[in-house]
Amino acid sequence: MAKELTFEQQMKKLQDIVEKLESGDVDLDASIKLYEDGLKLSKELKKQLLVFEDKIEKLGQENE
Amino acid sequence: MQQISVSALLRYLKNKLDTDDNLQKLYVQGEISNFHRHFSGHLYFTLKDEKAAISCVMFKSAAVSLRFEPKNGDKVVVYANTSIFEASGQLQLYVQKMTPEGLGDLYARYEALKKKLAAEGKFAQEHKKEIPFIYPAKIAILVGDKSAAMSDIITCFRRRWPLCKTDYYPVLVQGETAPSSIIRQLKIVDELDYDAIILARGGGSFEDLFCFNDEELVNTIYELKTFIISGVGHEQDFTLTDFVADLRAPTPTACVELLTPDIDDVILEVEACKGRLDEIMKRKMNDRSMMLDFLSQKLISYGNHFRQLSNDIDNTLNKIRSELLHRIELNRNDINHNLYDLRVKLDFRLSDSANKLDRLATLLKAYNVENVLNRGYVIVRQNDKVVKNRKQLQNGIFNMRFADGEINAQEVK
Chain A
12 MAKELTFEQQ
22 MKKLQDIVEK
32 LESGDVDLDA
42 SIKLYEDGLK
52 LSKELKKQLL
62 VFEDKIEKLG
72 QENE
Chain B
24 MQQISVSALL
34 RYLKNKLDTD
44 DNLQKLYVQG
54 EISNFHRHFS
64 GHLYFTLKDE
74 KAAISCVMFK
84 SAAVSLRFEP
94 KNGDKVVVYA
104 NTSIFEASGQ
114 LQLYVQKMTP
124 EGLGDLYARY
134 EALKKKLAAE
144 GKFAQEHKKE
154 IPFIYPAKIA
164 ILVGDKSAAM
174 SDIITCFRRR
184 WPLCKTDYYP
194 VLVQGETAPS
204 SIIRQLKIVD
214 ELDYDAIILA
224 RGGGSFEDLF
234 CFNDEELVNT
244 IYELKTFIIS
254 GVGHEQDFTL
264 TDFVADLRAP
274 TPTACVELLT
284 PDIDDVILEV
294 EACKGRLDEI
304 MKRKMNDRSM
314 MLDFLSQKLI
324 SYGNHFRQLS
334 NDIDNTLNKI
344 RSELLHRIEL
354 NRNDINHNLY
364 DLRVKLDFRL
374 SDSANKLDRL
384 ATLLKAYNVE
394 NVLNRGYVIV
404 RQNDKVVKNR
414 KQLQNGIFNM
424 RFADGEINAQ
434 EVK
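Which chain is which? The protein sequence lines are A and B, in order. The first sequence begins at 12 in the numbering used here and counts up one residue at a time. The second sequence begins at 24 in the numbering used here and counts up one residue at a time.
Any given hint could turn out to be false.
[To be verified] Okay, the calculated beta carbon distance ranges per label pair: (1) A:D36 to B:N327: 31 to 37 angstroms; (2) B:K305 to A:D36: 16 to 22 angstroms; (3) B:K152 to A:K31: 27 to 33 angstroms; (4) A:E64 to B:R306: 30 to 36 angstroms; (5) A:Q59 to B:Y117: 55 to 61 angstroms.
[To be verified] In silico lysine-lysine, BS3-like type, Cα no more than 25 angstroms apart, as pairs: (6) A:K44 to A:K31; (7) B:K210 to B:K248; (8) A:K54 to B:K297; (9) A:K44 to B:K305; (10) B:K305 to A:K23; (11) B:K305 to A:K31; (12) B:K210 to B:K161; (13) A:K54 to B:K307; (14) B:K307 to A:K51; (15) B:K305 to A:K57; (16) B:K188 to A:K23; (17) B:K297 to A:K57; (18) B:K48 to B:K83; (19) B:K297 to A:K31; (20) A:K58 to A:K69; (21) A:K54 to A:K44; (22) A:K57 to B:K188; (23) A:K58 to B:K297; (24) A:K54 to B:K161; (25) A:K24 to B:K305; (26) A:K57 to B:K161; (27) A:K31 to B:K307; (28) A:K58 to B:K188; (29) B:K307 to A:K23; (30) A:K24 to A:K44; (31) A:K69 to B:K161; (32) A:K44 to B:K297; (33) B:K307 to A:K24; (34) A:K23 to B:K161; (35) A:K69 to B:K188; (36) B:K152 to A:K23; (37) B:K248 to A:K23; (38) B:K307 to A:K44.
It should be emphasised that the hints constitute simulated quantities derived from the structure, not laboratory data. Note that this is a predicted model, so its numbers are computed, not measured. Glycine residues also receive a C-beta, built at the ideal position from the N, C-alpha and C atoms.
Build out the structure end to end from the sequences listed, making use of the hints.
Here it is in structure tokens:
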């Protein structure tokens, strides 16, 4: 499911989670769930970014 | 005869020229000579034909928008005002625009079309779309096949935002058939659900870029559903395509820079989000645990209060109990005392009565014997034993007791 979201949508989701948590009117159980989701998302996003950075680096080296 | 100063004369002449409409906003054609670019950026040259010459100045402010590099021998058309430089009394053309000869009609067409399309509202800011994304996922790129613009764009995407899917659609970017080639491709990609379209071309002369001043092309771009950014030529080149596009970038590379975030920034942003998440959670947990501490502190103090109360109650109970015990003890002593008293009295009475009884019994016994004796009976005793019959009587003395005394006697044989 998460795979089908675009980077933009995932990023938006992450920001929404942060905002929701910051707004403070979330109870602790829900917060922990949100926190978990947020961590998962940020990990996933970072992974996507780093994969591409790696790829680019390799491409760069191949070209040298 | 009236005399005037040189300054006055020249000021008069200058004024005459400056206010003569026939001498302002002129298109003058000629050949460049004595071309000199001053370090300040102003251009000085002479414009001449076979029979005449006039000195020209083009100030830096106008010179920066030149679309070609003028040099001696170039046949050009200048758009200029005529005036006099008073310090040297020299008649000069103050050049605002300059184009190579032959381009004049192209410019005229450009200006006319620009005016017309602007009047139609094709360039209106209200019509332009906002950039619909921060992290584009899919972009269509219309560029010349294997052009420098194409490789610039590829490089820039790789460097800044490699996550984006980039589809390259080669189009003709020069010549009379270019507009129709671009229009056809635009109409196709507009249906393919791209985040944005890039229409780009590297630098070139005004003529080279003229295909981007096509009316039908402008209209097609105006009707696009997809967000479009144009980056045609260099910083100073403006085509009608640039005016109608939702966003105009000065160069092809700038198109990518305007459309994409820098991947390093995004990585930092994701990390910052994670950091914020951690911080918020830490704060939340902290708040909760502080609240918990506060509440348990309260509970403890209530507990102390209750303990105090219960101690008080215990103390009171103990007091009551010991008071009761004390009273019971006192009462018991009283009772014991009374009992003892009673017993002593009873004992006394009992023994008293027994004594009396004894005495009475003795008396009674005594009275019985006396009575018998009084009636004449005698009690015979021998060896302190009562002799109850003859047989018991032995030889010897025996005692006879009468009522009024006794005697010792002996049987006479």
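We went through each hint and held it up to the structure:
At roughly 35 angstroms, the beta-carbon separation of D36 (chain A) and N327 (chain B) lies within the given 31 to 37 angstroms, and the hint holds. Against the hinted window of 16 to 22 angstroms, the Cβ-Cβ separation of K305 (chain B) and D36 (chain A) comes to about 18 angstroms, which satisfies the hint. Distance hint for K152 (chain B) and K31 (chain A): a CB-CB separation of about 29 angstroms, consistent with the stated range 27 to 33 angstroms. Our hint of 30 to 36 angstroms for E64 (chain A) and R306 (chain B) holds, since their Cβ atoms are close to 32 angstroms apart.
For Q59 (chain A) paired with Y117 (chain B), a C-beta distance near 59 angstroms keeps the hint of 55 to 61 angstroms intact. The straight-line distance between the Cα atoms of K44 (chain A) and K31 (chain A) is roughly 12 angstroms, inside the 25 angstroms bound, and the hint therefore holds. Annotation: proposed proximity of K210 (chain B) to K248 (chain B) holds, straight-line Cα distance about 10 angstroms (limit 25 angstroms). Restraint check for K54 (chain A) and K297 (chain B): the C-alpha separation of about 9 angstroms stays at or below 25 angstroms, so the hint holds.
A C-alpha spacing of about 14 angstroms is found between K44 (chain A) and K305 (chain B), which places the hinted pair at or below 25 angstroms, so the restraint holds. At most 25 angstroms may separate the alpha-carbon atoms for a hinted pair to count; K305 (chain B) and K23 (chain A) meet this at roughly 23 angstroms. For the hint linking K305 (chain B) to K31 (chain A), the alpha-carbon distance of about 15 angstroms falls within 25 angstroms, and the restraint holds. Between K210 (chain B) and K161 (chain B) the CA atoms are separated by roughly 17 angstroms; this keeps the pair inside 25 angstroms, and the hint holds.
Taken as a hint, the K54 (chain A) and K307 (chain B) pair is honoured in the structure, with Cα atoms around 22 angstroms apart against an allowance of 25 angstroms. Between K307 (chain B) and K51 (chain A) the CA atoms are separated by roughly 19 angstroms; this keeps the pair inside 25 angstroms, and the hint holds. Using a Cα cut-off of 25 angstroms, the hinted pair K305 (chain B) and K57 (chain A) holds, with the two alpha carbons roughly 22 angstroms apart. For the hint linking K188 (chain B) to K23 (chain A), the alpha-carbon distance of about 19 angstroms falls within 25 angstroms, and the restraint holds.
At roughly 10 angstroms between alpha-carbon atoms, K297 (chain B) and K57 (chain A) fall within 25 angstroms of each other, so this suggested pair holds. Among the hinted pairs, K48 (chain B) with K83 (chain B) is consistent with the structure: their alpha-carbon atoms are about 18 angstroms apart, no more than 25 angstroms. Taken as a hint, the K297 (chain B) and K31 (chain A) pair is honoured in the structure, with Cα atoms around 14 angstroms apart against an allowance of 25 angstroms. Straight-line distance between C-alpha atoms of K58 (chain A) and K69 (chain A) comes to about 16 angstroms, which keeps the hinted pair within the 25 angstroms bound.
Restraint check: the Cα-Cα separation between K54 (chain A) and K44 (chain A) comes to about 15 angstroms, which is no more than 25 angstroms; the hinted pair holds. Proposed proximity of K57 (chain A) and K188 (chain B) is supported: the alpha carbons are some 18 angstroms apart, at most 25 angstroms. A distance of roughly 13 angstroms separates the Cα atoms of K58 (chain A) and K297 (chain B); the hinted pair therefore holds under the 25 angstroms criterion. A C-alpha spacing of about 23 angstroms is found between K54 (chain A) and K161 (chain B), which places the hinted pair at or below 25 angstroms, so the restraint holds.
A C-alpha spacing of about 21 angstroms is found between K24 (chain A) and K305 (chain B), which places the hinted pair at or below 25 angstroms, so the restraint holds. Between the alpha carbons of K57 (chain A) and K161 (chain B) the distance comes to roughly 19 angstroms, so the proposed pair stays at or under 25 angstroms and holds. A C-alpha spacing of about 13 angstroms is found between K31 (chain A) and K307 (chain B), which places the hinted pair at or below 25 angstroms, so the restraint holds. Simply put, K58 (chain A) and K188 (chain B) have alpha-carbon atoms about 17 angstroms apart, close enough for the 25 angstroms limit, and the pair holds.
Among the hinted pairs, K307 (chain B) with K23 (chain A) is consistent with the structure: their alpha-carbon atoms are about 23 angstroms apart, no more than 25 angstroms. Under the criterion of a C-alpha separation no larger than 25 angstroms, the hint pairing K24 (chain A) with K44 (chain A) is consistent with the structure, at around 14 angstroms. Between K69 (chain A) and K161 (chain B) the alpha-carbon distance is near 23 angstroms, which keeps this suggested pair within the 25 angstroms criterion. For the hint linking K44 (chain A) to K297 (chain B), the alpha-carbon distance of about 14 angstroms falls within 25 angstroms, and the restraint holds.
About 21 angstroms separates the Cα atoms of K307 (chain B) and K24 (chain A), which keeps this hinted pair within 25 angstroms; it holds. Restraint check: the Cα-Cα separation between K23 (chain A) and K161 (chain B) comes to about 17 angstroms, which is no more than 25 angstroms; the hinted pair holds. The hinted pair formed by K69 (chain A) and K188 (chain B) meets the criterion: a straight-line CA distance of about 18 angstroms does not exceed 25 angstroms. The hinted pair formed by K152 (chain B) and K23 (chain A) meets the criterion: a straight-line CA distance of about 20 angstroms does not exceed 25 angstroms.
Distance restraint check for K248 (chain B) and K23 (chain A): the Cα-Cα separation of roughly 23 angstroms lies within the 25 angstroms cut-off, and the hinted pair is therefore satisfied. Note on K307 (chain B) and K44 (chain A): the hinted pairing holds, with a Cα-Cα distance of about 13 angstroms set against a maximum of 25 angstroms.
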